[in-house]
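S.K.: Chain order of the listed sequences is A and B. Counted the way our numbering counts, the first sequence spans residues 1 to 248. Counted the way our numbering counts, the second sequence spans residues 1 to 194.
Simulated from the structure, these hints should not be mistaken for laboratory data. Any given hint might turn out to be false.
[What the hints assert, rightly or not] Below, in silico cross-link-like pairs of lysine to aspartate or glutamate (DMTMM-like), each with a Cα-Cα straight-line distance of 20 angstroms or less:
1. 47(A) with 147(B)
2. 55(A) with 36(B)
3. 79(B) with 126(B)
4. 55(A) with 125(B)
5. 146(A) with 195(A)
6. 47(A) with 21(A)
7. 55(A) with 126(B)
8. 65(A) with 22(B)
9. 55(A) with 22(B)
10. 47(A) with 118(B)
11. 82(B) with 22(B)
12. 65(A) with 44(B)
13. 55(A) with 142(B)
14. 47(A) with 125(B)
15. 65(A) with 14(B)
16. 65(A) with 40(B)
17. 65(A) with 147(B)
18. 146(A) with 118(B)
19. 79(B) with 118(B)
20. 65(A) with 36(B)
21. 55(A) with 118(B)
22. 47(A) with 142(B)
23. 82(B) with 118(B)
24. 48(B) with 37(B)
25. 47(A) with 126(B)
26. 140(A) with 130(A)
27. 55(A) with 14(B)
28. 47(A) with 17(A)
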Amino acid sequence: MVCETRKERLDTYLDGELPHEEMRTFDAHVRNCPSCSADALSRVQFKRAIHLAGKRFTPSAEFRKRMQRNMAPKAHRSFRLRWMPAAAAAVVLLVGTLTTYMGNRSGTDQVFSEIADLHVATLASSSPVDVISTDRHTVKPWFQGKIPFAFNLPELQNSEFSLLGGRMTYLEQTPGAHLIYDARKHHISVFVFQERSLPARLTDSSPKPAKLSFNMETWSQGGLRYFVIGDASAADIDGLARLFKTAS
Amino acid sequence: MDLSGANLQLDSFEELATPLFDQLYNFAHWLTQNRDEAEDLVQETYVKALKGFSSFQLGTNFRAWIYRILRNTFLTSRKGLKVTMTVPLDFDEEEDGPEAAIERDTPETLLLARSSHELLQKAIDELPVHFREILLLCEVEEMSYQEISETLAVPIGTVMSRLSRARQTLRNQLRPHPQQEAAPRIARGTNHGL
Chain A
1 MVCETRKERL DTYLDGELPH EEMRTFDAHV RNCPSCSADA LSRVQFKRAI
51 HLAGKRFTPS AEFRKRMQRN MAPKAHRSFR LRWMPAAAAA VVLLVGTLTT
101 YMGNRSGTDQ VFSEIADLHV ATLASSSPVD VISTDRHTVK PWFQGKIPFA
151 FNLPELQNSE FSLLGGRMTY LEQTPGAHLI YDARKHHISV FVFQERSLPA
201 RLTDSSPKPA KLSFNMETWS QGGLRYFVIG DASAADIDGL ARLFKTAS
Chain B
1 MDLSGANLQL DSFEELATPL FDQLYNFAHW LTQNRDEAED LVQETYVKAL
51 KGFSSFQLGT NFRAWIYRIL RNTFLTSRKG LKVTMTVPLD FDEEEDGPEA
101 AIERDTPETL LLARSSHELL QKAIDELPVH FREILLLCEV EEMSYQEISE
151 TLAVPIGTVM SRLSRARQTL RNQLRPHPQQ EAAPRIARGT NHGL
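Same shape as in the complex, but just chain A (with noise of 0.2 angstroms):
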C-alpha cells in the first residue's frame, strides 16, 4: 500500500519536480524497493525514448534562407529606428544560418573522416571481414537480422571488381553494412547507413575535406547513405559507385 501510494508519485520524483525533504525520503526509499527501483527505472526508460523519439523535426536550409530573406526587406521598409529589430532578426538568422552551415560542416567532415578511419583500421585487422564470400547471394542474406535495412549488391561479372566479403560497423553508433571490394588490387570500403541515422546531414556534393587521401563517392538512394572509398583510382571508384547506384 505504501508503495502504491509511492507510485502515485513517481513520475513526479523522476521529473525532479518533489520538494527537497520528501525528494530525500523517495530516493531512500526507490534504492531500498526492489518493486520501486524496477518501476522507476521502466519508466526512466520511457521519458528516454520520448525524449529521443520527440526530436524529430529538423528546419529545412531552405526554411532558414526564407526566414533571412522575408525578414531582411522589412529593414528597408521601416522608418526611425524600427528597422533595427528586423534587421536584428536577419542578423539572428543569418549567424544562425552560418552556425548551423559551420556545424554541418564540421559535421560532415567528422562523417569523411571517420569513414576513412573505418577503411583504414579494417583493412589494418588481421580479420577485415566478418563474412568471407565472393558471392553477393551469400553476402547479402548475412547481413539480414543484423542492421536494421536491406540493401542490393551489383553484379560484377564483367567488371574489374570482385567482391572480398563484408562486416557489420557503426558510425557514431549506427550500424551499417561494409562491404570490401577489390580493383586492380586496390581494396574499395563500400559502406552502406541508413541516412537518417547520420550524425550530419550530407549532400551527394558535400565538399570532402581536403586532407582526406583516399577517392571517395558518396550519394543518396533510396533512404540509405553509401559511401564508396579507397586508394584505387577516381574511375574505380566511380565505376563501383555506378554499378551500386544501378543495383540498388
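Go by the hints and put chain B onto chain A.
M.R.: Only chain B this time, still in chain A's reference frame:
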C-alpha cells in the same frame, strides 16, 4: 529612443532567440503536424517576439515567453482553432488527483521490446494536442513544471495532472491491440483548459 539601449536589447534578443530556433521548429511541427504550417508558425512567432521584445523583462524566462507566443499563435491559427474545438470527454483534470492512474502494467517494457522509435512517434502524433504539447515540453524541452505552467498559462497542479494523463494516454496507446485501446474518446466540445 536610446541607441545604446536598443543595441543592448537587440543583442539580448539574438543571444536568447538564436539557440531556440531548432527547438521551436520541432515543437511547431509536432503541433501543426505539417512542415509548411510549422514554418509559418515559427516565422510568425519570431516576428511577434521581435515586435514584443521591448515588453519582455530581461531576467525572466525567455524560453517560456517565446514558447507561449508560439503556442498562442498556433491556437489562434485555423488548425489550432480546429483542434481546440476537439477535446477528450475525460478532460476533467481538476476533478482528479494529479496521479489518478496507478500504473500496474509496464507498457514501457512492451514498448522497448517492439520496434519502438517510430511506434512511439506515431503514438505521440496521435495524442490530443493538449497532451502532446505538455509531454513535449516536459520530456523533449525538459522544462520544469514552473516553466510549463508559464508557457501554457495554467497552474502547476494542472501541469501535474495533465502530464500524468498525457503519460497514461501514451502508455495506453502503446499497449498491444491498439485498435481496442489506443483511440482516446473524442468529442466536439469547448476549448476550456487549453
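S.K.: For the pair supplied as a hint, residue 65(A) and residue 147(B), is the alpha-carbon distance within the 20 angstroms limit?
M.R.: violated, 31 angstroms
S.K.: Is the straight-line distance between the alpha-carbon of residue 65(A) and that of residue 14(B) 20 angstroms or less?
M.R.: Satisfied, since the Cα-Cα distance of roughly 17 angstroms is no more than 20 angstroms.
S.K.: Below or equal to 20 angstroms on CA atoms is what counts here, so check residue 47(A) against residue 142(B).
M.R.: Within the cut-off at roughly 10 angstroms; holds.
S.K.: Is the Cα-Cα distance between residue 65(A) and residue 22(B) 20 angstroms or less?
M.R.: It holds: about 14 angstroms lies between the C-alpha atoms, which stays within 20 angstroms.
S.K.: What's the verdict on residue 55(A) and residue 125(B), does the C-alpha distance respect the 20 angstroms limit or exceed it?
M.R.: holds, 13 angstroms
S.K.: Given the hint that residue 82(B) pairs with residue 118(B), does the C-alpha gap stay at or below 20 angstroms?
M.R.: violated, 26 angstroms
S.K.: Does residue 147(B) sit within 20 angstroms of residue 47(A), going by the straight-line distance between their CA atoms?
M.R.: holds, 18 angstroms
S.K.: Starting from residue 47(A), check that the Cα of residue 126(B) is at most 20 angstroms away, please.
M.R.: holds, 18 angstroms
S.K.: For the pair supplied as a hint, residue 65(A) and residue 44(B), confirm whether the alpha-carbon distance does not exceed 20 angstroms.
M.R.: With a Cα-Cα distance of about 15 angstroms, the restraint between residue 65(A) and residue 44(B) holds, given a limit of 20 angstroms.
S.K.: Starting from residue 47(A), check that the Cα of residue 125(B) is at most 20 angstroms away, please.
M.R.: Measuring from Cα to Cα gives roughly 16 angstroms; hence the hint holds.
S.K.: Can the restraint linking residue 146(A) and residue 195(A) be considered satisfied, given a maximum Cα separation of 20 angstroms?
M.R.: holds, 17 angstroms
S.K.: Check the hint pairing residue 55(A) with residue 36(B) against an upper bound of 20 angstroms on the C-alpha distance.
M.R.: holds, 18 angstroms
When each numbered hint is compared with the structure, violations occur for hints 6, 11, 17, 19, 23 and 27.
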